[in-house]
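Sequence lines, in order, name chains A and B.
Here the working numbering is used: position 434 in the first sequence is 434, and no number is missing along the way.
Here the working numbering is used: position 1 in the second sequence is 1, and no number is missing along the way.
Check the hints yourself; a few may be wrong.
Said to hold, decoys possible - Straight line, CA to CA, 20 Å or less: simulated SDA-like cross-link-like pairs of lysine to any residue:
no.: 1; chain 1: A; residue 1: K634; chain 2: B; residue 2: R144
no.: 2; chain 1: A; residue 1: K323; chain 2: A; residue 2: E140
no.: 3; chain 1: B; residue 1: K119; chain 2: A; residue 2: D76
no.: 4; chain 1: A; residue 1: K28; chain 2: B; residue 2: N8
no.: 5; chain 1: B; residue 1: K119; chain 2: A; residue 2: V16
no.: 6; chain 1: A; residue 1: K28; chain 2: B; residue 2: Q79
no.: 7; chain 1: A; residue 1: K28; chain 2: B; residue 2: G82
no.: 8; chain 1: A; residue 1: K698; chain 2: B; residue 2: E122
no.: 9; chain 1: A; residue 1: K28; chain 2: B; residue 2: I92
no.: 10; chain 1: A; residue 1: K36; chain 2: B; residue 2: D20
no.: 11; chain 1: A; residue 1: K698; chain 2: A; residue 2: R631
no.: 12; chain 1: B; residue 1: K148; chain 2: A; residue 2: A648
no.: 13; chain 1: A; residue 1: K28; chain 2: B; residue 2: L30
no.: 14; chain 1: A; residue 1: K282; chain 2: A; residue 2: D76
no.: 15; chain 1: A; residue 1: K634; chain 2: B; residue 2: I126
no.: 16; chain 1: B; residue 1: K119; chain 2: A; residue 2: S691
no.: 17; chain 1: A; residue 1: K316; chain 2: A; residue 2: A193
no.: 18; chain 1: A; residue 1: K698; chain 2: B; residue 2: Q147
no.: 19; chain 1: B; residue 1: K148; chain 2: A; residue 2: L693
no.: 20; chain 1: A; residue 1: K28; chain 2: B; residue 2: G76
no.: 21; chain 1: A; residue 1: K36; chain 2: B; residue 2: E75
no.: 22; chain 1: B; residue 1: K154; chain 2: B; residue 2: N117
no.: 23; chain 1: A; residue 1: K698; chain 2: B; residue 2: R144
no.: 24; chain 1: B; residue 1: K148; chain 2: A; residue 2: R695
no.: 25; chain 1: A; residue 1: K698; chain 2: B; residue 2: D123
no.: 26; chain 1: A; residue 1: K634; chain 2: B; residue 2: E122
no.: 27; chain 1: A; residue 1: K28; chain 2: B; residue 2: V72
no.: 28; chain 1: A; residue 1: K28; chain 2: B; residue 2: E75
no.: 29; chain 1: A; residue 1: K634; chain 2: B; residue 2: D123
no.: 30; chain 1: A; residue 1: K28; chain 2: B; residue 2: A78
no.: 31; chain 1: A; residue 1: K139; chain 2: A; residue 2: Q676
no.: 32; chain 1: A; residue 1: K28; chain 2: B; residue 2: R10
no.: 33; chain 1: B; residue 1: K148; chain 2: A; residue 2: V16
no.: 34; chain 1: A; residue 1: K28; chain 2: B; residue 2: P80
no.: 35; chain 1: B; residue 1: K148; chain 2: A; residue 2: D696
no.: 36; chain 1: B; residue 1: K148; chain 2: A; residue 2: F690
By construction, these hints were calculated from the structure, which means they are not laboratory data.
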Amino acid sequence: MSEQKKTDFHVVNHSVPRRDGRAKVTGKALYVGDVKLTGMAYARVLRSPYGHAKIVSIDASRAAARPGVIAFLTGDNLGGLNPYYGHAVKDHPLVAIEKVRYAGEPVAAVVAEDERAAFEALEFIDVRYEELKPVLTPKEALEKGAPLLHERKFEAGALRGFEGDVTAGRGTNICQEAHLRWGDVEAAFAKAAAVVEAEYYFPMAYAYAMEPYVAIAEVNENGVTIYSSAQHPFMVRHDLTTVFNLPVSQIRLIVPFVGGGYGSKSYTKIEPLVAACAWKAKRPVKLQLSVEEAMLTTRSDDALTWMRTAVDSNGKIIARQAKIYMNTGAYAENSPLVCEKATNRCVGPYAIANVQIDTYSIYTNTVPASSYRGFGCAQVTMAGESQIDELAAKIGKDPYEFRLMNVAHPSEEFFPKMRAFDGNLKQDLEIVAQAIHWKEPRSKGRGRSIGCSVSDAGAYPLTSTVVRVHADGSVSIMTGSTELGQGSHTIIPQIAAEELGVPFENVRVVASDTAITPYDRSTGASRTTTLMGRAVLEASREAIEQMARMAADVLKRAADEIEVIKGGVQCGEARLTWSEVISRYYGLPDGEVIGRAYIRKSGDFAKLPVFWETACTGVEVSVDEETGRIRMEKLATAGDVGLAINPALAEGQDIGAATMGMGIGLFEELVYEGSQLVNGSLLDYRVPRFSDLPRDVKLQLVENRDGVGPYGAKGGGEAALNSMPANIANAVYDAAGVRIRQAPLTPEKVWRALKEKKAEGRKQ
Amino acid sequence: MRLCFQLNGRPVEIECEAADTLAELLRNHLNLTGTKVSCEVQVCGACTVLVGGLPVSSCTLLAYEVRDKNVVTIEGLAQPDGTLHPIQQAFIDDFAFQCGFCTPGMILAAKALLDENPKPSEDDVIHYMDGNICRCTGYVPIVRAIQKAAETLKESKK
Ligand code: FES
Ligand code: FES
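Generate the whole structure from the sequences, applying the supplied hints.
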């Protein structure tokens, strides 16, 4: 792809201002919560107080009689719908049927003229439960005789995102298991020069997209129309075709601006429930969850990882083995894929000859876990990158040097059967080491760490787009990629403007309406720049080809005499802009040319992953020995993005991801007492604030144009999160000599570890 | 009950219920959906509006509390001809938002800060803005935007 090596960009690789800038600073940007439809009614949800219980009876007649109430929905009045959904495992009823599997699960919904009437009616729904024993941890769930969450057997969903089968519903609480092995780990550990073995914990985290889940549904003779805050409208559409038993053409998902996703809005969430409400009410129905309810909707899988890693006498990593138990909560959602991905990503960015990873995702009576930025990688990188530092310490090597000598090289086939490595970690590491002054002495109470990770991007190559060039030379792009804040609606027109040689201003995006925009599998796994970007590039080129042929026609010249120049064509002395080509071709100053592109698993995208997502992060922390409080003082990132279509946006992804990772490293954790989530509100769940931000931040991008996206771009936006929890643990070790293997590193944990260390010091 | 107040420089007279919050009144009855609601417990600042020039969380303020007062929402910040307020412009220039859900509240809190302290240090910004959460940006570009806006405002006053 020689043109991929073009260098004289006029729009791409520039930090052009965000396309949605004006709308977002003036309050005009439309989110689903801002949409009002004529005749719209409002739903509210009654949630289970129990973690595990049988629903003995449910009677909503008193609620139905309340003023303003239009309809209600319970698990026993869904006749006509297929109430179970799930793209991997169809285990999730749109409202609890016969039993509840976690505290907070929707048990009934009321639709009323206004939200207050709906809310007030909830307490008039009479539900009788018979409590069952809940299982709350993977350990409990795997015990002999543990109560089963799901009794039914499930088929593997065609869109589950991986090739293996699903494990759910085989008479145990195992939702998914994944196994990876090559080489001979036992032999390698037997002959190793040094081995480190330990257990690590990554907590349940809540993504806290500031816009909680919201959807508006209407069901009529045209089918089902839903406005939703979903990241993946096409995946939601797929689930709804089965719920309503309707063809794809009769399910329409519309996604305006989304108020943050970070994975938490991927796949189907409240859409089946609100669509069922609309179907009952025969009115458009809006369901706006509160943040408290959003916290009862999805979280990240927490993970307990036992891991051992071995080196030979030259300091080369020769083996890694891990066993990972992920707590998947009550329903599978996307956890089977998270399980698969955690397994692969556990290997880390190192070329290791002997590998054995066994991962189990376990159903428990807790909030269902699903995608969360990093997607399995963050969970296992807490273990992997902690262990790299422990191993370096054990053999007396500098952890940075130790990484340098072990990371996968550019083009190295470090992971059997997968794409060769398309990043340059050595370069990333060096950049970050310099940025945080790795080699310089630390002041007292300060510690540093550098970490990296690599993810086989879960971006399945199935994307299509349409680029329409209008007779005035302006351009509309039809894209299924949602704008979550990552800037897709800015970089997509940048690419088209670059290719067509037209001003960025003249390129507009029509987005995320499954009835209008061509199919794009999802907006996640950092795929948009690579896959939608390539689709937009190819569709633009297809439009150009057509316009060149049209120019030959109007100029009455042979096609090979037409030369494409910026913004139009040239033929001898004659120059025509696209506008002139189209207008002259149709004989009117109107009409359009339609360029198309389909991306599938072939050509550049034949080999998975379509790219390895990688980044390197470095931190300096200070540890207050009195209180155990940690502060992140410095942060450096190196995003290995191939080519940044918009550098400011790419850097914004890195700092955003790193900040989330910092939150998990320092204080974010959902806490259960028995089957109740006890910090299920922003009052109690602490996320990073202004005062937590490091004062010294250096964001850098590595642009080797080694990706398969447009001009050598590839995805970013997750990787800077993954290494942060381990970074914090490693930096605390560097500062204070205590090794903490459970994230988050709360002041209490740090303080206890410091106290223990002191006590040990005194004993000696 | 009948409620009268000044909203973005214009008088408003409207019926509201005693239990209506200011955010509900703005969003549901006045169609000013620029004000966003997230945590609903006065933690995140997404719903920040200015009442009498001071930032308040409209998610927990009862609407009738603003009777006879001056309320400014994000819709009232740009000039009638569409010229953006320097803080709005700086937010665009410095990529100080991604999803934009925190942005209206963030910009209004920043306005209150700059009205009170036209030349805030980095510490001042961080301290003042600590009640506004942003989950996307890692805050760094927001601090930068606010300080740039302070510069612009100072220039324009010269
Ligand atoms: S919504 Fe009002 S402070 Fe969060
Ligand atoms: S821009 Fe998304 S929360 Fe601030």
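Practice item. For the pair supplied as a hint, K634(A) and I126(B), confirm whether the alpha-carbon distance does not exceed 20 Å. Key: 16 Å, holds
Check your understanding: CA of K139(A) to CA of Q676(A), is that 20 Å or under?
Key -> Distance of about 18 Å is within 20 Å: holds.
Practice item. Verify the proposed pairing of K148(B) with F690(A), using a straight-line Cα cut of 20 Å. Key: OK: K148(B) and F690(A) at ~17 Å, within 20 Å.
Exercise for review: Take the C-alpha atoms of K36(A) and D20(B), compute the straight-line distance between them, and say whether it is at most 20 Å.
Suggested key: Cα-Cα ~19 Å, so holds.
Practice item. Sort out whether E122(B) lies within 20 Å of K698(A), counting only the CA atoms. Key: 17 Å, holds
Practice item. Measure nothing beyond the straight line between the CA atoms of K148(B) and V16(A); if it is 20 Å or shorter, mark the hint as holding. Key: 18 Å, holds
Review point. Within 20 Å, alpha carbon to alpha carbon, are K634(A) and E122(B)?
Key: 16 Å, holds
**Study point:** Restraint check for K36(A) with E75(B), where alpha carbons must lie at most 20 Å apart
**Key:** Satisfied, since the Cα-Cα distance of roughly 18 Å is no more than 20 Å.
Check your understanding: Is the straight-line distance between the alpha-carbon of K28(A) and that of E75(B) 20 Å or less?
Key -> 8 Å, holds
Review point. Do the alpha carbons of K154(B) and N117(B) lie within 20 Å of each other, as the hint requires?
Key: Status holds; Cα separation ~11 Å.
Check your understanding: Quick one, are K282(A) and D76(A) close enough, alpha carbons at most 20 Å?
Key -> This hinted pair holds, its Cα atoms lying about 18 Å apart.
Review point. Going straight from one Cα to the other, do K698(A) and D123(B) come out at no more than 20 Å?
Key: 19 Å, holds
Of the hints listed earlier, those the structure fails to meet are numbers 3 and 5, in rising order.
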